[in-house]
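Residue numbers (the working numbering), protein chains in the order written: chain L, 20 to 208; chain Y, 1473 to 1690.
I should point out that these hints are in silico values taken from the structure, not numbers from a laboratory. All figures in this text were calculated on a predicted structure; none of them were measured in a lab. Among these hints, one or two may not hold up.
Counterexamples of contact, computed for chain Y against chain L with all Cβ distances above 12 Å [unchecked claim]:
no. : residue
1   : Phe-1591
2   : Leu-1594
3   : Ser-1623
Here are some, though not all, of the chain Y residues that point toward chain L, as calculated from beta-carbon distances under 8 Å [said to hold, decoys possible]:
no. : residue
4   : Thr-1487
5   : Ser-1492
6   : Tyr-1493
7   : Leu-1661
C-beta: ideal position from N, C-alpha, C; glycine also.
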Amino acid sequence: MTRSITGGTAEDRQLVAEVLAGDAAAERRLYDAHVDRVYRLAYRLSGDPDLAQEFTQEAFIRAFDRLETFRGDARLSTWLCSVATSVVFNGLRKIKRFRQREVGLDAAAPQAAPRREADPDLKERLHAAIDDLPRGYRAVFVMHDIEGYTHDEIGTALGIRPGTSKAQLSRARGKLRQSLAAFAGGMAG
Amino acid sequence: MKDDQMDRPLDEWITDAAQSYHEPPEPPKEAMWQALQNHRRARHVIPLRRGRWVVWSTAAAAAVAVLAIGIAIGMGLQTDGAGNPVVAVDPGPVTGDDRTASTALAITTANHLAQTETFLSLFRDEVRSGDRSDLASATARHLLATNRLISDTPVTADPALRALLADLELVLAQIAQLSGDSWEGETDLITDGLEQSAVLTRLQGLVPAGSARTGSSL
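Could you put together the complete structure from these sequences and hints?
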């Protein structure tokens, strides 16, 4: 294992101990130290400011509720990331289910038409291709290639092995290349 | 290993373009912190105080009154006009009435546990299926009140039952607090808590399906 890289630091453990002892200032320090990263991830995965805010709040509520379960095997930031990804995925799953119930409306409206009519540029095409990635691929791609997480961190956060994270990233990149092949060809030509 | 060797980074132009995917704005830190604090404060003022009556529906109030009478009989207590238990000053020597009282209490407790098991099972299934019922928190409040009444009776001499009632109190209190705003996030926490404390399994152990046990453990 790579405990020396991914293991919790003494500062992490100290901070957690202070929060668990009821130190309100320590609670705020923990929040300030990690809120940006959690929010960024929530936003990247949800793409919606309200959802990102809601997911971030929920992630911290859960984290504070379960802080005593933090054993220091991983960094606090990684542990928080795992809480956040769980909140985000659960939240997005519920939203997806909710939206599927509105299938009648969705089917009736040519929702994709505006985007396609607009002859999307590279970014739009790429963003759509990322959206279309299977959830696991998308999470790994966003976390690694966009947010700069290591495979160890991703593995801990998503409950998968680092090797699996690497494999998923590889497949995600492959799918993106495939999706963008025509566009890239156009650019090259 | 293989992936590392076989995989190659995306072309630079793709990686650059990907940076703008759902590019986060500045996080509303203070607003989120305030919301977090409000949520946690609200949680700490759960109305756990005994004797505080919440808003009851007529039917539920009647059901709880019946349970309260059963509990009162079981405790050797009397009730006041409103169905609130009043502590008997001197329970007196053990008599044949005590046996009746004990049985009444056991039946009442078994009924309560069976109702709670059904309720929690339905609740868990609703959460899993993504449905939500606005009646859940009202029902939980009713069960919570009964749970507290039973917790004050001699049945709590049984350590396993006492522990179960304590866990039920926590779960029911959490569900009782659910509101439109908190539903989405809280329900996962609650169902996780159900799993971790194995509340349903323990309930099922005490109340086998289809029969309300009235044995000595109750």
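To see whether the hints hold, each was checked on the structure:
| no. | hint | verdict |
| --- | --- | --- |
| 1 | Phe-1591 | holds, 22 Å |
| 2 | Leu-1594 | holds, 18 Å |
| 3 | Ser-1623 | holds, 24 Å |
| 4 | Thr-1487 | holds, 6 Å |
| 5 | Ser-1492 | holds, 6 Å |
| 6 | Tyr-1493 | holds, 5 Å |
| 7 | Leu-1661 | holds, 7 Å |
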